[in-house]
Amino acid sequence: MPEVVEELRALARDLLAKGTVKTVIGYKAERLANRVSPLIITSPDRAGELVWNKYCLNNLAVYLTRGEVMRRGPAAVVVKGCDARAVCGLLQEGQIARQNVVIIGMVCEGVGEPLLEMCKSCDVHVPRLADYIIPKEAQKPAEAAKTPAEADAEVARLEALTPEERWKFWREKLERCIKCYACRQACPLCYCKRCVVEKNQPQWISTSAHAAGNFAWNAIRAMHLAGRCGACGACERACPQGIPLMLLNKKMAKEVALHFNYRAGYDPAATPALRTFDARGDNDELFR
Amino acid sequence: MAQVITQENLVQLAGKLLAAGKRVIAPVRIDGQVCYQALFFTGEMLPESEYVLPRASFKEFFFPRTECVLRYQYDEKNQARLEEPALDSLPEQVILGCRPCDAASLPILDQVFGWDYKDPFYFKRREKTTVVTIACSRHDEQCYCTSIGYAPDHKAGSDVLLKRIADGSGNAGILPAPDGRRDAGHPNGGQDARGPGKNLASGEGTDTNLRSKLAVCPGLSNGGQDARGPGKYLAEALTEKGQALLAAHKNLFEEAPAAPAVQVTKLEAAFDVEKVKPWLDGHFEDAMWLEIASKCLGCGACAFGCPTCHCFDIVDEGDLKSGRRLKNWDTCSSCLFTVHGSGHNPRASQEQRYRQRVLHKFKYYLEKFKLRACTGCGRCSVRCPVGLDLHEVLRTIAGRSDGPSGTVRN
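If you read the protein sequences in the order shown, they are chains L and A.
182 is the number that the working numbering gives to position 182 of the first sequence; each next residue is one higher, with no gaps.
446 is the number that the working numbering gives to position 158 of the second sequence; each next residue is one higher, with no gaps.
Quick caveat, the hints were computed from the structure, so don't treat them as lab data.
Among these hints, one or two may not hold up.
Partner residues are not named here, just some residues of chain L that face chain A (Cβ under 10 Å, in silico) [claimed, not checked]:
#1 Thr20
#2 Leu32
#3 Arg35
#4 Val36
#5 Pro38
#6 Leu39
#7 Arg66
#8 Val69
#9 Asn100
#10 Arg176
#11 Ile178
#12 Cys183
#13 Arg184
#14 Ala238
List time: in silico DSS-like cross-link candidates among lysine-lysine, alpha-carbon distance up to 25 Å [stated by the list, open to error]:
#15 A:Lys310 / A:Lys529
#16 L:Lys199 / A:Lys609
#17 A:Lys615 / A:Lys656
#18 L:Lys199 / A:Lys615
#19 A:Lys310 / A:Lys416
#20 A:Lys658 / A:Lys443
On a predicted model such as this, the values are computed, not experimentally measured, just so you know.
We put the beta carbon where it would ideally sit given N, CA and C, even for glycine.
The whole structure should be built from the sequences, with the hints applied where relevant.
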């Protein structure tokens with residue numbers, strides 16, 4: 001067993017045994033060697049089931065806001081750097097209290113086999129915010145890169161298309177949407193108890209998987225994550241239909257970085273971009 | 289006399305059917321993933337050697353993800369006028385190259401769509417569809433049809449069954465491609481379903497006519513062609529529809545004097561499915577449900593990819609003047625599925641919802657229709673964002689020794 005896994009298990013065992021946390025959220029091995037799945041444990045006896053390897057794709061922060069996890073009390077969560085950005089968002093948005101979460105940050109050189117594309121532009125190999133970094137001897141988190149990782153070639157290529165070409169591109173991709181909402185369910189920041197698409201008095205967003213409904217849903221999902229998405233890619237990996245959802249998220253992140261000089265998930269003390277409306281400023285778009 | 293068709297002639301067959309105005313549904317590669325699609329042209333149809341199983345079942349060609357069942361309009365005298373869809377004008381369709389686990393879903397779906405009320409939307413399509421199945425010459429680690437009582441060359445639901453003729457290349461058997469990439473002949477073939485961003489990096493994304501481009505070179509990025517290349521198939525008509533199809537295109541088939549040896553993959557059953565229901569009967573309450581479902585996210589990825597899941601929601605879209613009523617896929621995994629108007633939810637927790645999914649498939653359906661609502665295709669496990677593995681759940685249940693009586697959860 002690699003040392004890093006031993007260290008993780010020992011820490012989880014200790015946190016549960018001492019009662020520091022009631023729940024530990026991590027990864028466990030699966031039937032197939034190249035898949036892992038989330039593991040939610042409440043007893044130190046099960047810490048030995050935890051694993052860490054390059055197949056640990058899921059963003060486990062999604063479980064921090066689950067009723068049964070919150071009801072039990074403080075929880076420890078195993079995160080990669082990108083996942084920690086989502087934890088940061090949950091803290092900023094008041095969804096979890098800092099004293100109720102123990103962040104176990106795994107030093108991560110990228111996951112996936114082959115390596116996920118997003119890992120190639122990662123600037124959070126050492127998770128920020130972590131209470132514990134594994135392996136212990138790892139260096140402290142680096143400063144956020146000056147150039148947003150979101151400013152990537154795919155987004156630029158789409159921006160260079162004519163509106164008609166872009167429309168065609170998205171029509172083709174979104175045609176596949178089946179409204180399974182795996183993107184929403186896998187996203188730690190889609191924590192609403194009742195999503196806008198489920199509000200039916202009136203029905204704001206069509207629940208049907210036809211062209212209009214698919215555009216409406218995917219557009220509102222992207223808008224609601226603007227300035228909030230931590231770019232973990234959970235939505236895109238969850239999509240069983242292969243829709244490149246991160247292109248939308250990255251585009252929004254790029255716009256937010258440009259206009260608000262804000263990047264989501266780096267500073268829990270920062271005011272989120274969507275909460276910075278200043279009525280005293282010289283804002284041309286004030287209500288009048 | 290055995291009838292044999294080459295891959296080339298199978299493509300010819302698709303062409304003849306298209307020319308005759310039929311809708312031809314076949315596995316096609318789109319953005320690196322194999323899906324059942326209505327063909328634009330025959331060149332995009334993939335040979336059997338390029339996929340294990342398309343990413344979702346073909347059920348939407350019988351039971352669309354969204355379908356208008358009614359239109360209404362109020363005239364100037366405020367009289368409502370209703371219009372039902374003209375189901376008779378639905379096209380005749382041929383599914384060419386589906387897998388036995390998908391075909392087997394049809395007799396299962398027939399039950400639920402026909403037991404008390406014969407659903408015309410489903411049965412009209414069923415009537416107008418001919419199913420040509422290709423037996424699996426390979427499988428992957430997510431396949432478990434034999435554990436459920438089906439087989440890589442099972443006949444249920446097919447009108448014609450094709451079996452690949454053995455060519456001595458001996459490549460049948462298991463493929464190490466389980467993490468969502470069931471479409472490739474080798475691990476690097478095709479694209480990773482978990483990271484579709486990367487095919488954009490190669491510049492494909494800018495091509496707005498992507499499908500046709502892919503079709504010209506189905507072997508894109510090493511394309512997943514296995515060493516065997518396209519083959520020949522032994523054809524067997526199983527129904528009148530199947531006989532009619534073969535008879536109408538006789539010239540595309542060769543006659544073989546004796547039935548040649550075929551290449552059908554061997555897949556051992558991983559558990560005894562007969563043990564599943566007896567355990568379920570006694571364990572409506574069991575700590576296992578929470579253990580399994582604590583990670584379930586409550587999305588519909590499993591149900592919407594499943595060949596047998598059939599639940600739908602009825603919604604109205606429109607205004608006071610006019611509108612339409614739609615039938616949309618729905619899933620018991622969703623927390624909204626059972627919410628009452630009062631706000632009460634009889635299945636309030638994810639463990640209750642996941643339990644319902646398993647019980648419906650392996651207990652209620654079996655009791656009511658003498659069939660399980662599962663064909664062992666493994667898509668639910670492949671598509672689950674958190675790797676919730678039904679295969680493993682069933683294997684665990686079948687192996688449980690705590691008998692039929694229930695343990696009550698504290």
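Interface hint status, alanine 238 of chain L versus chain A (Cβ within 10 Å): 4 Å, holds
Given pair status - lysine 609 of chain A, lysine 199 of chain L, alpha carbons within 25 Å: Distance ~22 Å between lysine 199 of chain L and lysine 609 of chain A Cα, so the pair holds.
Satisfaction of the arginine 66 of chain L interface hint, Cβ to chain A closer than 10 Å: 8 Å, holds
Hint check: 10 Å Cβ-Cβ cutoff, threonine 20 of chain L to chain A: 20 Å, violated
Lysine 310 of chain A paired with lysine 529 of chain A [C-alpha distance capped at 25 Å]: The hint holds at about 14 Å.
Per-residue hint verdict: isoleucine 178 of chain L, partner chain A, C-beta under 10 Å: Cβ of isoleucine 178 of chain L sits 5 Å from chain A, so the hint holds.
Restraint outcome when asparagine 100 of chain L is required to lie within 10 Å of chain A by C-beta distance: Status violated, d = 18 Å.
Restraint check, 10 Å cut-off on beta carbons, for arginine 184 of chain L near chain A: 7 Å, holds
Hinted contact arginine 35 of chain L with chain A - closest CB pair below 10 Å: Holds: closest Cβ of chain A sits about 5 Å from arginine 35 of chain L, inside 10 Å.
Interface hint compliance - valine 69 of chain L to chain A, C-beta minimum distance less than 10 Å: It holds, given that the least Cβ distance between valine 69 of chain L and chain A is near 9 Å, below 10 Å.
Given hint cysteine 183 of chain L near chain A, where the shortest CB pair must fall under 10 Å: This hint holds: cysteine 183 of chain L lies near chain A, its Cβ roughly 8 Å from the closest one there, short of 10 Å.
Status of the hint placing arginine 176 of chain L at chain A (closest C-beta pair under 10 Å): 8 Å, holds
Figure legend: structure checked against the earlier numbered hints; hints not met, in rising order: 1 and 9.
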